[in-house]
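Given the coordinates of chain C, assemble chain L onto it according to the supplied hints.
Residue numbers (the numbering used here), protein chains in the order written: chain C, 1 to 110; chain L, 1 to 114.
Treat the hints with caution; some may be incorrect.
[Said to hold, decoys possible] Examples of chain C residues toward chain L, derived with CB under 8 Å:
| no. | residue |
| --- | --- |
| 1 | PRO39 |
| 2 | GLY40 |
| 3 | GLU41 |
| 4 | GLY42 |
| 5 | LEU45 |
| 6 | VAL47 |
| 7 | LYS97 |
| 8 | PHE100 |
| 9 | GLY101 |
| 10 | THR102 |
| 11 | GLY103 |
[What the hints assert, rightly or not] From the derived model, a few chain C residues whose C-beta atoms are all more than 12 Å from chain L:
| no. | residue |
| --- | --- |
| 12 | ILE13 |
| 13 | VAL55 |
| 14 | LYS57 |
Bear in mind the hints are in silico, worked out from the structure with no lab data behind them. In this text, a Cβ means the ideal position worked out from N, Cα and C, and glycines have one as well.
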Amino acid sequence: TQLLEQSPQFLSIQEGENLTVYCNSSSVFSSLQWYRQEPGEGPVLLVTVVTGGEVKKLKRLTFQFGDARKDSSLHITAAQPGDTGLYLCATGWGNEKLTFGTGTRLTIIP
Amino acid sequence: ETGVTQSPTHLIKTRGQQVTLRCSSQSGHNTVSWYQQALGQGPQFIFQYYREEENGRGNFPPRFSGLQFPNYSSELNVNALELDDSALYLCASSLGQGWGTEAFFGQGTRLTVV
Numbered sequence: 001t002q003l004l005e006q007s008p009q010f011l012s013i014q015e016g017e018n019l020t021v022y023c024n025s026s027s028v029f030s031s032l033q034w035y036r037q038e039p040g041e042g043p044v045l046l047v048t049v050v051t052g053g054e055v056k057k058l059k060r061l062t063f064q065f066g067d068a069r070k071d072s073s074l075h076i077t078a079a080q081p082g083d084t085g086l087y088l089c090a091t092g093w094g095n096e097k098l099t100f101g102t103g104t105r106l107t108i109i110p
Numbered sequence: 001e002t003g004v005t006q007s008p009t010h011l012i013k014t015r016g017q018q019v020t021l022r023c024s025s026q027s028g029h030n031t032v033s034w035y036q037q038a039l040g041q042g043p044q045f046i047f048q049y050y051r052e053e054e055n056g057r058g059n060f061p062p063r064f065s066g067l068q069f070p071n072y073s074s075e076l077n078v079n080a081l082e083l084d085d086s087a088l089y090l091c092a093s094s095l096g097q098g099w100g101t102e103a104f105f106g107q108g109t110r111l112t113v114v
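Chain C on its own, in the form it takes in the complex (with noise of 0.2 Å):
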């Protein structure tokens, strides 16, 4: 069983649009990243979020963790191709074994 759900699974949109990814699990989490893995490479840390309720902005990218700490989003603003990848959302941090969710491949048409 996945700790961490994720969706849609894959996604195609216009560059220009909106987007939404989610991230969920049914357990509550002290943290919760996300990471961007483009073809070839291994995933880059995107965000950190820790406090419930907490949204973090980067750039174009807005992130929110859930009130009770147990799901996320990420949202993008005015995709651009560029931002095409794999998103994942992990727990875990440092040290700690970091545990990802099933990601969600992000396909930016220009």
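The following block gives chain L in isolation, referenced to the frame of chain C:
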């Protein structure tokens, strides 16, 4: 400061063979973790090494083994390869112990078992 580097980048092996994958951690990092990422999946934790000692292991059989050297570089060894071992193997390094330490990933080694 160099990042995390892995070698080789691609590898093809035959079922039953043995393979060794290598990882050079980021400068100053003393913790290395290995992950297996099957096609279309998120990475799965294999094990972690801290200052040359194994410091946690995921749900992988004993034929997956590792080493960390005094310079903190690391090896992942897989014996008796199976077709299902075909995956991207990722190494991540971090500094020390403690909540909030960021892990930095290498580009991975793509292993194909035929």
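Check your understanding: Is the interface hint for PHE100 of chain C satisfied, with its Cβ closer than 8 Å to some Cβ of chain L?
Key -> holds, 3 Å
Notebook entry, point to check: With d taken as the least Cβ-Cβ distance between LYS57 of chain C and chain L, does d exceed 12 Å?
Noted result: Correct as stated: the minimum Cβ-Cβ distance to chain L is 19 Å, above 12 Å.
task = Mind checking the CB of PRO39 of chain C against every CB in chain L and telling me if the closest is under 8 Å?
result = Given a least distance of 10 Å, the restraint on PRO39 of chain C is violated.
### Message
So, as I understand it, the hint says GLY42 of chain C touches chain L; can you test that by seeing if any CB pair is closer than 8 Å?
### Response
With a closest approach of 3 Å, the GLY42 of chain C hint holds.
ask   = Once the shortest beta carbon distance from LYS97 of chain C to chain L is found, is it less than 8 Å?
value = At about 4 Å, which falls below the 8 Å cut-off, the nearest Cβ of chain L leaves the hint on LYS97 of chain C intact, so it holds.
Quick check on GLY101 of chain C please, does its C-beta sit within 8 Å of some C-beta on chain L?
At 5 Å from the nearest chain L Cβ, GLY101 of chain C passes the 8 Å test, so the hint holds.
Query raised in the report: Can we trust that ILE13 of chain C is non-interface, i.e. its beta-carbon lies farther than 12 Å from all of chain L?
Result: holds, 20 Å
Open item on the list: For the restraint on VAL47 of chain C, tell me whether the closest CB of chain L is nearer than 8 Å.
Closed with: violated, 11 Å
Review point. Can we keep the THR102 of chain C interface hint, with Cβ of chain L closer than 8 Å?
Key: holds, 6 Å
Restraint outcome when GLY40 of chain C is required to lie within 8 Å of chain L by C-beta distance: At 6 Å from the nearest chain L Cβ, GLY40 of chain C passes the 8 Å test, so the hint holds.
So, as I understand it, the hint says GLU41 of chain C touches chain L; can you test that by seeing if any CB pair is closer than 8 Å?
With Cβ-Cβ at 5 Å, under 8 Å, it holds.
Minimum beta-carbon distance criterion (8 Å), GLY103 of chain C to chain L: holds, 5 Å
Of the numbered hints given earlier, the model fails hints 1 and 6; all others are met.
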